[in-house]
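Following the hints, put chains B and C in place on chain A, whose structure we already have.
One line per chain: the protein sequences are A, B and C, in this order.
1 is the number of the first residue of the first sequence in this note's numbering; add one for each residue after it.
1 is the number of the first residue of the second sequence in this note's numbering; add one for each residue after it.
1 is the number of the first residue of the third sequence in this note's numbering; add one for each residue after it.
Simulated from the structure, these hints should not be mistaken for lab results.
Among the hints, a few may not be true.
Below are the SDA-like pairs computed for lysine to any residue, each with C-alpha atoms no more than 25 Å apart in a straight line [what the hints assert, rightly or not]: (1) C:Lys122 / A:Thr122; (2) C:Lys299 / A:Ser11; (3) C:Lys299 / B:Gly50; (4) B:Lys64 / B:Trp40; (5) C:Lys162 / A:Thr122.
Not close to chain A: a few residues of chain C, all C-beta gaps over 12 Å, as computed [stated by the list, open to error]: (6) His33; (7) Val144; (8) Phe193; (9) Pro230; (10) Met237; (11) Asp256; (12) Leu335; (13) Asn450; (14) Pro521.
Given the structure is predicted, the values throughout are model-derived calculations rather than measurements.
Quick reminder that beta carbons are idealized off the backbone N, C-alpha and C, glycines included.
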Amino acid sequence: MRPIATTRSASGMPTGLLAVWWVVASEIVIFGGLLASYLMYRLSHDSWSEQAANTNTAIGATNTFVLLTSSFLAVSAHAAAEKGDGKKAARYLWYTIGGAMTFVAIKSFEWYTEITHGFTITSNTFWSFYYTAAGIHALHVIAGAFIMAIVAREAAKGLELHRVELIGIYWHFVDIVWIFLFPLLYIAK
Amino acid sequence: MLEWYLPQASTYASEIDNLVNLIGAFVAFWFVLSFGTFIWLIFRFRARPGTEAEYITGELKHQKRWITIPHLLVLVCDVFIIVGAVSVWYNIKQYLPPAEQTVRVVGQQWTWTFQHPGADGQLDTADDIATVNELHVQKGVTYHYQLQSVDVLHDFSVPVFRLKQDAIPGRTITGWFEPTLEGEYDVQCAEICGIGHGLMGARIFIENEAQHAAWVAGESPVRLAAVTTPTRAIQE
Amino acid sequence: MAESIPHEVDPGHGDHHHEDQGFVSKYLLSTDHKIIAMQYMFTGMLMAVIGGFMSYVFRMQLAFPGESVPLWGIVTPANYNALITNHGTIMIFWVAMPVLIAAFGNYLIPLMVGADDMVFPKLNRLSYQIFLISALVLLSSYLVEGGGFGGAWTSYPPLSAKSQYNLTPAGASLWLLAVALEFVAFLLGGINFITTAMNSRAPGMKLYDIPMVIWMIVIASILFMVSVGPLIAGAIMLFFDQTLGTAFFDPNRGGDPILWQHLFWFFGHPEVYVVLLPAVGITAEIITVFARKKLFAYKTVLHTAVGTGVLSFTVWAHHQFIAGIDPRMAHIFTLTTLLISIPIAEMMFVYIATLYGGSIRLTTPMLWALAFIGEFLIGGVTGIFLGASGADVYFHDTYFVLAHFHYTFYPIAIIGTFAGVSYWFPKMFGRMMNDTLGKIHFWGSIVSFNFIFIPLFVLGTAGQHRRIFDFQNFPALATPELQQLRILATMSLVVMLGFQFVWLYNFINSMFRGPKAGKNPWKANTLEWSADSPPPHGNWPELPTVYRPPYEYSHPDREEDYWPQHLPN
Chain A
1 MRPIATTRSA
11 SGMPTGLLAV
21 WWVVASEIVI
31 FGGLLASYLM
41 YRLSHDSWSE
51 QAANTNTAIG
61 ATNTFVLLTS
71 SFLAVSAHAA
81 AEKGDGKKAA
91 RYLWYTIGGA
101 MTFVAIKSFE
111 WYTEITHGFT
121 ITSNTFWSFY
131 YTAAGIHALH
141 VIAGAFIMAI
151 VAREAAKGLE
161 LHRVELIGIY
171 WHFVDIVWIF
181 LFPLLYIAK
Chain B
1 MLEWYLPQAS
11 TYASEIDNLV
21 NLIGAFVAFW
31 FVLSFGTFIW
41 LIFRFRARPG
51 TEAEYITGEL
61 KHQKRWITIP
71 HLLVLVCDVF
81 IIVGAVSVWY
91 NIKQYLPPAE
101 QTVRVVGQQW
111 TWTFQHPGAD
121 GQLDTADDIA
131 TVNELHVQKG
141 VTYHYQLQSV
151 DVLHDFSVPV
161 FRLKQDAIPG
171 RTITGWFEPT
181 LEGEYDVQCA
191 EICGIGHGLM
201 GARIFIENEA
211 QHAAWVAGES
221 PVRLAAVTTP
231 TRAIQE
Chain C
1 MAESIPHEVD
11 PGHGDHHHED
21 QGFVSKYLLS
31 TDHKIIAMQY
41 MFTGMLMAVI
51 GGFMSYVFRM
61 QLAFPGESVP
71 LWGIVTPANY
81 NALITNHGTI
91 MIFWVAMPVL
101 IAAFGNYLIP
111 LMVGADDMVF
121 PKLNRLSYQI
131 FLISALVLLS
141 SYLVEGGGFG
151 GAWTSYPPLS
161 AKSQYNLTPA
171 GASLWLLAVA
181 LEFVAFLLGG
191 INFITTAMNS
201 RAPGMKLYDI
211 PMVIWMIVIA
221 SILFMVSVGP
231 LIAGAIMLFF
241 DQTLGTAFFD
251 PNRGGDPILW
261 QHLFWFFGHP
271 EVYVVLLPAV
281 GITAEIITVF
291 ARKKLFAYKT
301 VLHTAVGTGV
311 LSFTVWAHHQ
321 FIAGIDPRMA
331 HIFTLTTLLI
341 SIPIAEMMFV
351 YIATLYGGSI
361 RLTTPMLWAL
371 AFIGEFLIGG
381 VTGIFLGASG
391 ADVYFHDTYF
401 VLAHFHYTFY
411 PIAIIGTFAG
421 VSYWFPKMFG
431 RMMNDTLGKI
441 HFWGSIVSFN
451 FIFIPLFVLG
461 TAGQHRRIFD
471 FQNFPALATP
481 ELQQLRILAT
491 MSLVVMLGFQ
501 FVWLYNFINS
511 MFRGPKAGKN
521 PWKANTLEWS
531 ADSPPPHGNW
541 PELPTVYRPP
551 YEYSHPDREE
561 DYWPQHLPN
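If we strip away everything but chain A, and leave its shape as in the complex, we get:
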């Protein structure tokens, strides 16, 4: 049973939206702090480009494509939810989850290759940042997929359709973090 407080909207912005933006804002400063630290180090360590040369740009680019596609699918889910079509929204959400799983699978393969080639988290501070930043991001992907599964199950029954948009916002955020990570970790060599 939900309190009346939840149903109010004195600011005119839906409460769920306000909450999601709060989460996104607090995540932005977390990733912001991490990436700012990385940039400071990177600018004072020219030698890191040699390390960065060992990252696999092709795999990174594939993953970027996968995430962008999944973000597009999340938009489609939102569009369906707006029309009140919970089943369709749920289906698109499951596709999005599929994208997330593909991303994680590719990431695991990539890390496995790198670690077996001797590039571990302690090899060099570049690799420390590489694994830390991408690792935290991957955890967000997994968490997002998990929450999306819950939302999709409800949406399939036509319940809580506004949550489709909320998880979509979060998913775009996860996507955008990767858009920053990809050039910083893979392309800048």
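Below, chains B and C without anything else, positioned relative to chain A:
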């Protein structure tokens, strides 16, 4: 206020003390004024039978004046303090006068090692004198210190000089002082550095020219290999 | 809005559901904002007892070095460092934050904006549970091999990063983990504070009708959210340095220990305002009620709070003047630091001006609120010495710094809490506290507090540096005169701690035996005083509507000297 407790033993000690006094005067003025007003208001407007509180919004211009005027005056005081602080800071930390002598100060858990130039007046020569927890300097000579750390952060603090500087492993930080008073004083480590932090005291001996020359002559040069391990630059 | 109104007349929803609940589900697993507030408050107070006990142990060691401390024993250097580290950490993260933000925030926001609960009650409960786990993790760090972490609450690497330096392999990591969990708990809590205050306000409550304490908690939550992110990133990096052997902060392998200081203080300075603002808000509520006055220039207070918040992100490196940063940077941070004195000074002036023309009743809550202003003034003005780079060269890391920030944190965490608890006690428990005992406790605590920290100002001026377990190694500091000041400070601390038993007795006794309070014992305006004392689950049978700003005391158009927000006329 500081000079009541500690002698001024460097050229810039009095600069800092004067700055502290200046800030102290401003701060005391504002504190007495606002605290006095505060206490007076509590007394003056205490609840008494038959009197009622007034309805004052504080939004009107003539009411807000009571806030804005003091607030602008505080800003004026701030400007004086900023100018004083910046100029004192510049003289001590940013400006580096040419050195007549250079000493190396190395912190490690939990001792200070000091490397003095020997009779030749040059650091890193065969006649350097290395000591543990004893720094010997000559009055009236401008010194550069090269501050290093072997392990964790330390802080080279000489209260009578009003000198404080963190030592950072991997870096050499150069600063300066010129002793003006003979005597023996405390050197502290002013940055927590582990369980022995409280033991990490040293002494500074400020000597006149003759005494210092005698001390240099009396010390057989011992070169401390341990503390001259090259500190690698941050860029690797 | 329109479709929600039919719900609002739904009377006392959920009351009957809670009648037949057991103790566990009613008090431990409740999602009621008031119960969660109490959980935070009692956990915070329990942690305050632990933190206070720690201060007793290390102050005894400083007064009587090497002697066995009653209830503890001999204080080793490792003990000493762990005690000061955890005293600071506990008092800020497990006392000030949970009590001022979480307890008052949870209790007051729904009641003062006229809602029946927080927007996300389950999230609220989760936030407390994570907080509780974080407290247990912190306390457990004392039980592991090597003991509690002793690298100061600032936890500077390389000392904190490597166990060969700090000698507490498990303690350091548990400490860091506990702090990180605590941050997560408060980020989750912040979601509720912001959404409830912004969206769940009673019909008619406009932005400038929100009571100041609610504004302050909301602004504080935003400050916390924005500032803590980089430190969470830093904590992950430091945790990897400790446990996996990465080299983020290891200068020998390409890392930079100064980076941690930036990340820490970028959070650490706004954090001061995170806990300050709720206390400032509590003070606003109390002085207006007991001076029977409208808050002087409500909007100015709000603007100064926002201004302080924004400026607080630009001052962090004044903690690092002599830490090896570029000396030119000190000029900028001196400038910003002295600028931040402007909004804070303005806020203090506003509060003092509010007293003008009042009819001041010196009840216990009012005494605490006034003491907040008076003591915080001392904390504020002594900060100027430290913000001025040239003077900080000397004062950095001395007891002057320590005394300064205790003159800010004591008013915030201790005075603010006692002010708030004594003011809202009748609402929380439906009974009045004993005013005489309250005043005895007040004067005992305030006088002894000043006798603790004034000697420490003197010691700091004389060059006594911090985090030293025994000053015998420093001949200039080992003099009998300075030792007497140390003993005075310690004795005052013992006296102050002793007076807390008066409060404890008063608190517990009044909870069960105090006279019934009624709905509005202080004749206050804000919405919480229109609910029953204590408010039932759901707070009001019918949620209130707001007709006017919160501080309409002694209004000329009304016969009574207060004009509650919920009355139509």
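Hint check results:
{"no.": "1", "hint": "C:Lys122 / A:Thr122", "result": "violated (40 Å)"}
{"no.": "2", "hint": "C:Lys299 / A:Ser11", "result": "holds (19 Å)"}
{"no.": "3", "hint": "C:Lys299 / B:Gly50", "result": "violated (31 Å)"}
{"no.": "4", "hint": "B:Lys64 / B:Trp40", "result": "holds (20 Å)"}
{"no.": "5", "hint": "C:Lys162 / A:Thr122", "result": "holds (14 Å)"}
{"no.": "6", "hint": "His33", "result": "violated (9 Å)"}
{"no.": "7", "hint": "Val144", "result": "holds (24 Å)"}
{"no.": "8", "hint": "Phe193", "result": "violated (10 Å)"}
{"no.": "9", "hint": "Pro230", "result": "violated (3 Å)"}
{"no.": "10", "hint": "Met237", "result": "violated (7 Å)"}
{"no.": "11", "hint": "Asp256", "result": "violated (7 Å)"}
{"no.": "12", "hint": "Leu335", "result": "holds (23 Å)"}
{"no.": "13", "hint": "Asn450", "result": "holds (39 Å)"}
{"no.": "14", "hint": "Pro521", "result": "holds (26 Å)"}
In this structure, the hints that do not hold are numbers 1, 3, 6, 8, 9, 10, 11, in rising order.
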